[in-house]
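Chemist: First to last, the sequence lines map onto chains A and B.
Residue 93 in numbering that gives the first Met the number 0 sits at position 94 of the first sequence; the count goes up by one each step and never skips.
Residue 146 in numbering that gives the first Met the number 0 sits at position 147 of the second sequence; the count goes up by one each step and never skips.
Everything labelled a hint here was simulated from the structure, so no lab data went into it.
Check before you lean on any hint, since a few could be wrong.
Looking from chain A toward chain B, a few residues come up when the C-beta cut is under 10 Å (computed) [to be verified]: (1) 73; (2) 76; (3) 80; (4) 84; (5) 88.
Don't be surprised by glycine CBs; every beta carbon is placed ideally from N, CA and C.
Residue-level listing of the chains:
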Amino acid sequence: MDLIIDYASGILLSLGGLFVFIGGVGALRMPDLYTRMHAASLTDTMGSVLIIVGVMLQAGASFAAVKLFAILIFLLFTGPTASNALASAAILSGHRPTEALPWRSERDT
Amino acid sequence: MTLLTGIALLTLAVVTALAIVHTKNLFVAVMLSGVFSLLMAANFLILDSPDVALTEAAVGAGISTVLFLAALSLSAEHERDFKPSRIGGLIVLVTIGVVIYATFEQPRLGDPSSPVQQHVAPWYLANTPPLIDVPNVVTAVLASFRGYDTLGEVFVVLTAGIGVLFLLSARPSKTAKAPTIPPPGPVEGLRHYLIPRVVGRLLIPFIFLFGLYVQFHGDFGPGGGFQAGAIIAAAVILYTLLEGEPQALRVVPVSFLKVLAVAGALLYSAVGVAGMLLGGNFLDYNVLSADPVAGQHLGILLVEVGVGVTVTGVLLSVFFAFATRGKM
Numbered sequence: 000m001d002l003i004i005d006y007a008s009g010i011l012l013s014l015g016g017l018f019v020f021i022g023g024v025g026a027l028r029m030p031d032l033y034t035r036m037h038a039a040s041l042t043d044t045m046g047s048v049l050i051i052v053g054v055m056l057q058a059g060a061s062f063a064a065v066k067l068f069a070i071l072i073f074l075l076f077t078g079p080t081a082s083n084a085l086a087s088a089a090i091l092s093g094h095r096p097t098e099a100l101p102w103r104s105e106r107d108t
Numbered sequence: 000m001t002l003l004t005g006i007a008l009l010t011l012a013v014v015t016a017l018a019i020v021h022t023k024n025l026f027v028a029v030m031l032s033g034v035f036s037l038l039m040a041a042n043f044l045i046l047d048s049p050d051v052a053l054t055e056a057a058v059g060a061g062i063s064t065v066l067f068l069a070a071l072s073l074s075a076e077h078e079r080d081f082k083p084s085r086i087g088g089l090i091v092l093v094t095i096g097v098v099i100y101a102t103f104e105q106p107r108l109g110d111p112s113s114p115v116q117q118h119v120a121p122w123y124l125a126n127t128p129p130l131i132d133v134p135n136v137v138t139a140v141l142a143s144f145r146g147y148d149t150l151g152e153v154f155v156v157l158t159a160g161i162g163v164l165f166l167l168s169a170r171p172s173k174t175a176k177a178p179t180i181p182p183p184g185p186v187e188g189l190r191h192y193l194i195p196r197v198v199g200r201l202l203i204p205f206i207f208l209f210g211l212y213v214q215f216h217g218d219f220g221p222g223g224g225f226q227a228g229a230i231i232a233a234a235v236i237l238y239t240l241l242e243g244e245p246q247a248l249r250v251v252p253v254s255f256l257k258v259l260a261v262a263g264a265l266l267y268s269a270v271g272v273a274g275m276l277l278g279g280n281f282l283d284y285n286v287l288s289a290d291p292v293a294g295q296h297l298g299i300l301l302v303e304v305g306v307g308v309t310v311t312g313v314l315l316s317v318f319f320a321f322a323t324r325g326k327m
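Isolated chain A, as found in the complex (with noise of 0.2 Å):
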């Protein structure tokens, strides 16, 4: 039993930190504003939810997980906010998205 939560939560926390990889991957490469706050926060919610889901199965049954799970609802009512209002003060403050489509490649702009 204590192998296989091992496991799984080795799973949960390798898939995380991959998602938090793709998320600073995506923040690096997308090309405007938009684009790279939808890669970034990928980090926020996918990221964080998987990694201290993993971490808590480490915790078992004990006030530890009640602590984290108190920190992941925190981040999944915080990340969200936090992403919707940076996008309405980049509206605001005249930011357009670009129209990048997938398939032009940057020498066509």
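We have chain A; now place chain B onto it with these hints.
Modeler: Frame of chain A; chain B shown alone:
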């Protein structure tokens, strides 16, 4: 593993520091200094000092970023161009060299024979359980053994706050051109943003609750007055951002914040004087109760409340001084 994580964090910290120096955009510099504080908080955490990490994260990455941004809103966004002088650069270079040379004499990290492990630390560790009986030795050292130092720190915070208020309350001279303030719109704060408002209102009570937990759980785990003060101030700042300064100032008027700032320092000193009146020394908590250990608990509790109240009052006074400057 700790070593590798530490090296990675410190490398990132150095890169961030260089970026702060390099950038001309002050907004970017403020954001990067927040990142720097967060990196240092993680670094303190892997060095097993969660109390310091909590303070660094709450004050360094949280409140000071907000205060920097508030200061930035009163000035320009870009650094002024200046010609760096060669002599100044040379002095900086020599000083860095001397500092790096001095680090060679430092004991290695975690060396058991280094002075920090042998001087007073073993005494604190051995005597905290019988004398004070709180699990968190940091709190025992901070609030009881070194109570004088912490009293000094509280008064430093209070004095710094008074200084900032003096500087900011000076009215700009009539002849000087008034700073360009956007005309006040019909709505203050983020009232027109539905989602941040709803979520913010939902979270503020929990942030308060967490602040109180950090305040009163400081004897048992990481936390205490300094961290709790910063967290509660952050909750009020969030409320201000959501509802606008006029509404926030109706809830917590500036005069009330000034009373808070002074009352905390006064409470701390009063605990010390109470010890004297009951026949002990200044800041001697043993005499506060019939049982010396219970007296220590009571003294630490009151002193930490004093610290928290002063920190909240000073941080919020400074924040409102920045936020309302030029508007009133």
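Chemist: Look at each hint and say if it fits the structure.
Modeler: Hint-by-hint comparison with the structure:
1. The restraint placing residue 73/A at the interface with chain B holds, with a minimum CB-CB distance near 8 Å, inside the 10 Å limit.
2. Interface hint status for residue 76/A: upheld, as the beta-carbon distance to the closest one in chain B is roughly 6 Å, under 10 Å.
3. Residue-level restraint check for residue 80/A holds (minimum Cβ-Cβ distance to chain B is 4 Å; threshold 10 Å).
4. Given hint, residue 84/A at the interface with chain B, holds; its Cβ is 5 Å from that chain's nearest Cβ, closer than 10 Å.
5. About 9 Å separates the beta-carbon of residue 88/A from the nearest beta-carbon of chain B, less than 10 Å, and the hint is met.
Going down the numbered hints, you'll see the structure goes against none, and every one checks out.
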